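Chains Z and Y, in that order, are what the protein sequence lines are.
For the first sequence, counting from 1, position 80 maps to 80 in the working numbering; every step adds exactly one.
For the second sequence, counting from 1, position 9 maps to 1009 in the working numbering; every step adds exactly one.
Since the hints were made in silico from the structure, they are not lab data.
It should be emphasised that the depicted structure is a prediction, and the values quoted were computed from it without experimental measurement.
Where a beta carbon is used, it is the ideal one built from N, C-alpha and C, also for glycine.
Please note that a few of the clues may not be correct.
FRET-style restraints, in silico, Cβ to Cβ [to be verified]:
(1) Y:R1194 x Z:G77: 21 to 29 Å
(2) Y:T1175 x Z:G564: 27 to 35 Å
(3) Y:K1040 x Z:R676: 54 to 62 Å
(4) Y:D1038 x Z:D248: 15 to 23 Å
(5) Y:E1109 x Z:D701: 40 to 48 Å
(6) Y:N1176 x Z:G77: 45 to 53 Å
(7) Z:G77 x Y:D1022: 22 to 30 Å
(8) Z:D701 x Y:E1074: 17 to 25 Å
(9) Z:R294 x Y:E1070: 32 to 40 Å
(10) Z:E293 x Y:A1061: 21 to 29 Å
(11) Z:A328 x Y:E1109: 28 to 36 Å
(12) Y:E1109 x Z:D204: 27 to 35 Å
Which stretches of chain Z does chain Y cover? Using the computed rule of at least three CB atoms under 8 Å from a CB of chain Y, they are [to be verified]:
(13) 150-158
(14) 237-246
(15) 417-424
Simulated pairs of lysine to aspartate or glutamate, DMTMM-like, Cα-Cα distance not exceeding 25 Å [unchecked claim]:
(16) Z:K554 x Y:E1209
(17) Y:K1035 x Z:D330
(18) Y:K1002 x Y:E1028
(19) Y:K1040 x Z:D327
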Amino acid sequence: MVDERKLREVALTPEEYRVIVEELKRAPNEVELGMLGVLWSEHCSYKSSKALLRRLPSTSPAVIQGPGENAGAVNIGEGWAAVFKIESHNHPSAIEPYQGAATGVGGIIRDVIAMGARPIALLDSLRFGPLPASSHHVEGVVAGIGWYGNCIGIPTVGGEVYFDDCYANNPLVNAMCVGLVRVDRLMRARAEGTGNSLMLVGADTGRDGIHGASFASLELDETSSERRPAVQVGNPFLEKLLLEACMDLAQTDAVVAIQDLGAAGLTSSVAECAGRVPGAGAHIDVARVPRRERGMSPYHVMLSESQERMLVVVERGREAEVETIFDAWDLTSAVIGHVTDDGYLTIVDGSVDVARLPVSLLTDGAPPRRLVGVASEQPPGLDIDALPPLVDAGASLLRLLASPNLSSRRGIFRRYDQMVGDATVIPPGGDAAMLRVKGTRLGLAVTTDCNSRYCYLDPHLGAQLAVAEAARNIVATGAHPLAVTDCLNFANPDRPEVYWEMEETVAGLAHACRALDLPIVSGNVSLYNDSSGESAIYPTPVIGMVGLIHDYGKRLSAGLRSEGDFVLLIGSSHNDLGGTEYLKVEHGYVAGRPPALDLAREKAVNRLVLAAAENGLLHSAHDCAEGGMLVALAECCLLGGVGVRCPAVRPEAPLRMDAAFFGESPSRYVVSLSSRAMPELQSLARRHHVEISLLGLAGGDSIEFEGQFRLSLDEIRQAWEGGLV
Amino acid sequence: MKFGVVVFPGTWSDRDCGWVIDQVLGAELQYLWHKDADLKGSDCVILPGGFAYGDYLRTGAIARFAPVMEKIEEFADRGGLVWGICNGFQILCEAGLLPGALIRNASLEYRCQWTNLAVERTDLQFTSKCTEREVIRVPISHGEGNYFADPATLSRLEQRGQVVFRYCDDTGHVTNNANPNGSMHNIAGIVNARGNVLGMMPHPERCAEAELGGTDGLKLFRSVAESAMKVLVS
């Protein structure tokens, strides 16, 4: 029997070891044990979450590729497919923020490239502990993301940044990439064709990142910094070469498949590629793998997570054609093996046998973990009647806008190239960003969203709200929500209350996605986001979403445009103060039920906004989210540089004044339009059974609610732009 | 008018420049691969933005040794139009075709944002479609765009009127607040004494269509295209 220490090193349990021996009918050697260890890690095998993930919807008429490939793909018309995926790089970013975040970006870009698509946009969903203690994480992560994206020349157009105590030891870095490919050139990473060559291209293989996938599947503790060698180091210039070479490759028919080398390096990329083709196997000679350093064992070569490498399946006899393309881009490539039909992954080192494992054992053999969920304690309740009344809405607005969760993100996104590619038709800073598809009138709206405070208070409802909010971001640009990629971040699933959160979250996601006709086509699960069993993160299901507008000339942005426009609130407001930013900033706590969501109403409101946008009625649209109506209205003014004059807000009982201004009832938008368009909007609203109410008139350089408060845009801007400094 | 757009392995504004030339302007376009010492008969050579060879040493430091650069130097000597944008400007300085250097932004951070530029020369083939003292809106995107030169060089540039673009506010005033990167004298772009080699940090190829936020960049491309027409006619 192998000793326990060795098992711990490869993050396998004695029970898993027993299964391995039973399946192999022999004990695995050291290399085999290491290979199984990484592929059976939570990060690669999803052994704790697989059963849950099956409950998520993944099909729609537009879906061309659902989960299971390097990225998902949807048909957007005119022969184009949008390819996208979101992925976490939480653990590496906690230990080494700059390289951790940078290589997270690099990894997700390769996933999109592997589908034959040219990446056109990046988004980053980030969560940190409170400032200023977290500033070292913030600075490193933002700089790392900027470095990689700016250097490779893919615009970073969106994302989110939140601060909360629960992320102090476990910051979250989720990166999303969106690409475009002609539908008939979409590639899949399947090792088809016995005898076809396996080529490794890109960076030489070094000892970096060994056991990275296993590391990502453990809780962080005081020894985690010793794992720093498990964090990889990025080279965006090399990835740019890979990107261009792969785009050239995709134009030839000499290439059968491209597979990214990510977590678990060569082991997982070969196994996954073969695993997608029934009966396929692969034969690899590690002696042929170009190396960065001397003295590397086959174990190191198979487990290295050196970045900027791709595995290419090349039609037998056409290797020279492929090599010519790599040579043009000064990339090192080598034939390291070939596809077999024996269902085994066979590793040799020259003439020496190193390892021989069934592909299915590697990719599907990890026994699913049977975990039990137990509802966690009820989070603190909120007695809304005991809440002191709103004193000064204007003063509250300034404090909310200055809070790190709501303040302007300009200081962050101006460090990212948002424009390279000449396609960004809605820049970051509003709701969703939008990229045009050059040569067509199509526009792709992209966003990420999740309010994890809601998820903490009620994971089922919080997950639904995250989907709905992301969809609203898309709709606010005039685009139709199309499909989802999700990054599910949780603490240690071995704790029953955490597994319960996972169950509830997945159920909530499935419910909302079905109701809103949104398939989830790709995604990632990140577990063990807690330190030494304490300070678990809130359940954080980050929703990445892509939407489509057929003519980007009809797109809407959030800022008020014209003096004299009517400013309206679409949707109805309730006493939704639970879990709000107002409650946290003004009263100092996180409590209550998250805002109630009626998905049928949500659909009706979205249909109204899309119809109004399609008919050209609206001048602007903005989703009401954290901070409620008044924060949304202030953002419309700040983004457009136009003020607003409103009659006093006099809510009808039982609606409270604080809820009217700062409540976070979902299914609401602030829109503006010319007075001439009002009758048509009113009749549309009646047809869709949606409440609309006039907030005020656009104009001037202040926000005024008659008799309640008046603030100049300058003061408001100062508060808003000062929040993150 | 034939535009040649140079492609180094780490260039990323090549396709944006190409898009504007080919799709917006409707002029003739060809890409010039860095390994080929051949300008393929280009009338104007553009060195576009990007990280030519990764720029790990110093921006533009390696690119100046590329085979295509030797031809570009000869071409510039003969009076050919050479236009360096962003990384292209850095390369032109490294290659000695323009004086000075681009150092790290004063903020020590990358900056991608819109800037206002005061156009100080309208007699050039690059700017003939601009009006005297016009303020144009053009975005920047760089980490090392802080123009630096020794005092003698700087005063020579000023005396000879070689500063073409200066960061300014939206009314044309050259102020510290309007300077996004700490450039000396708010310099955003300069030309050589002969007037045929232009280097600029801002990206005119990113503002040639209204849907991208502005069309001022197209004026520069038009200027080049039409200057060639004039030469052909005369």
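So, going through the hints one by one against the coordinates:
1. At roughly 51 Å, the beta-carbon separation of Y:R1194 and Z:G77 lies outside the given 21 to 29 Å, and the hint is violated.
2. Checked against the given bound of 27 to 35 Å, the beta carbons of Y:T1175 and Z:G564, roughly 33 Å apart, stay inside it.
3. Between Y:K1040 and Z:R676 the CB atoms are about 55 Å apart, so this pair conforms to the stated range of 54 to 62 Å.
4. The supplied range of 15 to 23 Å is met by Y:D1038 and Z:D248, whose beta-carbon atoms lie about 20 Å from each other.
5. At about 30 Å, the beta-carbon gap between Y:E1109 and Z:D701 misses the expected band of 40 to 48 Å.
6. Evaluation of the 45 to 53 Å hint for Y:N1176 and Z:G77 yields a pass: the beta carbon distance comes to about 49 Å.
7. In this structure the supplied range 22 to 30 Å holds for Z:G77 paired with Y:D1022, their Cβ-Cβ distance being about 24 Å.
8. Between Z:D701 and Y:E1074, the C-beta spacing of about 56 Å breaks the proposed range 17 to 25 Å.
9. Look at Z:R294 against Y:E1070: about 38 Å separates their beta carbons, and that is inside 32 to 40 Å.
10. Roughly 27 Å separates the CB atoms of Z:E293 and Y:A1061, a value that falls within the hinted 21 to 29 Å.
11. Range check, Z:A328 to Y:E1109: Cβ separation about 34 Å, and the 28 to 36 Å hint holds.
12. Distance hint for Y:E1109 and Z:D204: a CB-CB separation of about 32 Å, consistent with the stated range 27 to 35 Å.
13. Beta-carbon proximity to chain Y at under 8 Å applies to 4 residues in the region 150-158 of chain Z; the threshold of 3 is reached and the given coverage holds.
14. Coverage of the region 237-246 of chain Z by chain Y holds. Counting CB-CB distances below 8 Å, 5 residues qualify, and the rule asks for three or more.
15. Restraint check on the region 417-424 of chain Z versus chain Y: 7 residues with Cβ-Cβ distances below 8 Å, three needed, restraint holds.
16. Taken as a hint, the Z:K554 and Y:E1209 pair is honoured in the structure, with Cα atoms around 16 Å apart against an allowance of 25 Å.
17. Annotation: proposed proximity of Y:K1035 to Z:D330 holds, straight-line Cα distance about 11 Å (limit 25 Å).
18. Distance hint between Y:K1002 and Y:E1028 is fulfilled; the C-alpha atoms sit about 5 Å from each other, no more than 25 Å.
19. Using a Cα cut-off of 25 Å, the hinted pair Y:K1040 and Z:D327 holds, with the two alpha carbons roughly 23 Å apart.
The earlier numbered hints that this structure contradicts are 1, 5 and 8.
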